[in-house]
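> Got chain A; can you put chain B on it based on the hints?
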Amino acid sequence: MSPQTRLRNRISIVLNMVMAFVIMILLAQLWLFTVALEVIQPPEGSPSIVVAILLCSAIGCGAVWALIRFFLKTEKNQ
Amino acid sequence: MSDPSQPPHWKQDFPIRWDDDAYITRREFTKFLGLTSLAFLLGTLWAAASRWTKMTKARQFRPAQVAGVEEIPVGGYKLFRYPTPEDPCILLRLGPEKFVAFSQLCTHLVCPVHFQPSSRRLICPCHDGHFSAEDGRPLAGPPQRPLASWAVHLRDGKVWVQPLPEKA
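Chains A and B, in that order, are what the protein sequence lines are. Counting along the first sequence from 1, when you hit position 42 you're at 42 in my numbering, and nothing is skipped either side. Counting along the second sequence from 1, when you hit position 32 you're at 1032 in my numbering, and nothing is skipped either side.
Derived from the structure by calculation, the hints contain no laboratory data. A virtual CB, placed ideally from N, CA and C, is assigned to each residue, including glycine. Worth double-checking, as some hints may not be accurate.
[Claimed, not checked] Subject to a maximum C-alpha distance of 20 Å in a straight line, what follows is the list of computed PhoX-like cross-link-like pairs (lysine-lysine):
(1) Lys1031(B) to Lys73(A)
(2) Lys1057(B) to Lys1078(B)
(3) Lys1098(B) to Lys1158(B)
(4) Lys1158(B) to Lys1078(B)
(5) Lys1031(B) to Lys76(A)
[Stated by the list, open to error] Anything over 12 Å on all C-beta distances counts as not near chain A; from chain B, calculated:
(6) Asp1003
(7) Gln1006
(8) Lys1031
(9) Gly1076
(10) Gln1116
(11) Arg1120
The shape of chain B in the complex, shown without the other chains:
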């Protein structure tokens, strides 16, 4: 027999009182939708500002000499840092006159990629991501985006890199 002075069990299981229950009117909900819309707009604005900042920074990067032409054999590579000392990159020599440069950071989870000359692929050892050494596009594994690349120029027997021209 339960004690009448004690609250029933169902009240202990569902302790929310009607007075304390949050009641949201349709008007309040509509206002909340307005704020959600504003939040999406602000998020998009942040993305646009981020893109603009990156573009402005990229314009400031000057071409850099990263190696001598004879320094790297065909099928070889050289690691360098560009445009800042915190950005590891890899320069590949795919042919006598063909050099390509990519960021060394995998577009999956930013592990450094390594060049495998036999398959002409850049391979990320963390999750076995494969990228084409020709253009940096993802070929296998989890990465979905191509590696960031740099424009390469040969001048006076030296290899120079610089940002790719901005897309219109």
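The shape of chain A in the complex, shown without the other chains:
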């Protein structure tokens, strides 16, 4: 196996891991969204919980976009 092929295989593994990580974050975001829906139902939960959920979801979204950017860039250079 040539070094170039080996490198390509490694990059492919990294890309698959990135994809798996993105999907994990998405599932976490989905869970956070369901918790947020639960909190707004009567009797309403504490507003600080909603703020914490919103913050976590924003961090997750930022992470997803950063990972996707990395994914697209790496794939293009592959």
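Structure of chain B alone, referenced to chain A:
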């Protein structure tokens, strides 16, 4: 014998042409995942905005006098509307000095609940949901959430209700 000028049967059963088949690349799918993440964030933002709006509205509700203390016997109840004329509520007198007030709307499918003094329960006749008259928590049936409740105060022989203090 089939007619050679006609397309074969399998083509009629599977009429999708290869050229028309939608082919989604891994790159396109990845971009779609990004949009999904954004949609979840927007959904959570909507939930937070909804919670904030409710909190702001609740702050504007002023205490309201809903009954006289002597008006309701122990074990009795009175229906009233609070905080707006579209919100049916029920005031219960569980003891000489003990009054509790709840929204009359069942937390399952918003049917009005009724007080049953013998069991000290609020009962929803639609799907036989039972709530505790003490604190409104669900006891039986499909409801999973407690009834929305109001703070009750006695002042000058009158019963006043107001929103519960906001949780920290």
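> Against the structure, test the hints numbered earlier, and report the numbers of the ones violated in rising order.
Hints 2, 8 are the ones this structure does not satisfy, whereas the remaining hints hold.
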